[in-house]
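Listed below, chain by chain, are the residues.
Number of protein chains: 2
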Amino acid sequence: MTRIAYFGPAGTFTEMAARRFEDLAAAGGLTVPGVELVATERIAAASPIAALTLVADGEAELACVPIESSVEGPVTPTVDTLGFGPLLQIMAETDMPVAFSIAGRVPLGQVRTLAAYPVAAAQVREWVAAHLPVAQVVPASSNSGAAQDVSTGRADAAVTTALAAQMYDVPELAGGVADVADARTRFVLVGRPGPVPPRTGSDCTSVVLDLPSRPGSLALALAEFALRGIDLTRIESRPKRTSLGEYVFHLDCVGHIDDPAVAEALAALHRACDGVRFLGSWRRSGGPGAAPADPGDAWAWLEALRKGTR
Amino acid sequence: MTRIAYFGPAGTFTEMAARRFEDLAAAGGLTVPGVELVATERIAAASPIAALTLVADGEAELACVPIESSVEGPVTPTVDTLGFGPLLQIMAETDMPVAFSIAGRVPLGQVRTLAAYPVAAAQVREWVAAHLPVAQVVPASSNSGAAQDVSTGRADAAVTTALAAQMYDVPELAGGVADVADARTRFVLVGRPGPVPPRTGSDCTSVVLDLPSRPGSLALALAEFALRGIDLTRIESRPKRTSLGEYVFHLDCVGHIDDPAVAEALAALHRACDGVRFLGSWRRSGGPGAAPADPGDAWAWLEALRKGTR
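As they're listed, the protein sequences go chains A and B. Every letter in the first sequence is one number past the one before it in my numbering, and letter 247, counting from 1, is 247. Every letter in the second sequence is one number past the one before it in my numbering, and letter 121, counting from 1, is 121.
No lab work stands behind these hints: they were computed from the structure. Among the hints, erroneous ones may be present.
[Stated by the list, open to error] Interface residues of chain B toward chain A, partial, derived using beta-carbon atoms under 7 Å:
| id | residue |
| --- | --- |
| 1 | G216 |
| 2 | E236 |
| 3 | S237 |
For each residue, glycine too, the CB sits at the ideal point set by N, CA and C.
All chains, full assembly: derive it from the sequences and hints.
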């Protein structure tokens, strides 16, 4: 039995992401070395940190947590636990549209009270103003809790997920509701450090750099990627908790640790940085993407020079 | 009358920050060119975006909004509005400890229901488990709304701010409550583009870079700071809304646009980037800090060479 911890409660977008990872594995589209993804048990955790801690402590093999939202930005508790907490490794990612279901026991026109998690309420404010102008928003404890509030009679309708509406048997009145079109959240599947999932040719790699604290150290680190033609896809500074005004840098790049250009860049960073934490290489969810060019020819040329066989 | 919009409702940490800016100005510690900060009217807005929009539309002269939390990370609605919305300019910053007041009408030992904004509930979870183990958390619409919930009898106690507890006349049962010690939030005072507040010698400057989409462009941009000995204090990539997989970069550095090193770096970026959005130079709230070294000698030397007067 493989235990997957997730940021709960049941019925949230994160549980939907965990189910998608399971479906992907069942269809042969996801491999986590050393972990069977066939018989799984899902464990709801109270926060992304709690879900990741269950993996670090061996109470679960994997954790499914949100890491980035196109509207809200990085999910800092996840990012900081991966950057500063026990060593863990990202094995896979998926991204999902964040669009809500409006579910209720009365028709839309008769909704007087609307249960909503405040973060969700902020993301559907315009839709609610346009479609439910007289509804009073009642704060709920989560997207899933909002559906539960309808099932217990605390509210007429809820801003919730399709999964939670189904779990609490509350009919969906409207689907795909979001003020910002194409709002998406990226979820990662995290395990304990181990063998890296195989290179697919459309991968990304994530590291956390602890750089010497002097002007220019970040520019030099980025040059290791730039000089090898490796595209960066995300960069973010995060303050160290131990000392004010010092930072680590989260960098995501295109390519896999088995791509020679990425391997060279990581080795160069290992020499230049006070510390490099490898967060993993995994298949990008955005479909096919280029891997960095292989510098292998250059090494063959150098080897030939050394041997005098050019 | 100077109107200051802020992310409301009344009684939140953001209103406390707005009041602090007013107090600073009254004490002569804050100057915003062209804006009188003596007679002020505070306008509560429904979100950071709404507060900033009031300034852009001329409905308010200034907006006070959170921009970064040491626990939660960047406040993305603020960051993205400054990066992609109408041109605005940061005039000042302040940072405040984020520690909550527990306020209620019954003694701590008798609290059965605890109103809390979910974001706040997550930041005091351990304290509540230790001190109010039997209390049931009732979601509130904001930190201020939690105090209101106590005043209307919806809950026995609230996780709230000192200001809101006072506004709703709810006695404070415990103060300075936070699971993470030293959690802080940084607030900025934002106006329409105009003259820059005077250099103080302990300033920071913020820009948003729109870089050519090729490997190495970020490394080259950072080199403009590195080569001039300018320390970066924050870097963050933010996806462009218009095209997937393209980013802008928010950079904060030490120094003022009137520091020659910073001025040179900005001019160099203007040549190298597709676009540079200047978000302002203002006095750092962290107390005294070094300004970058003045390259003025180098220019005097060059001028002497040109004139043949060395």
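Would you list, in rising numerical order, the hints stated earlier that this structure does not obey?
Nothing - there is no hint that the structure violates, so all of them hold.
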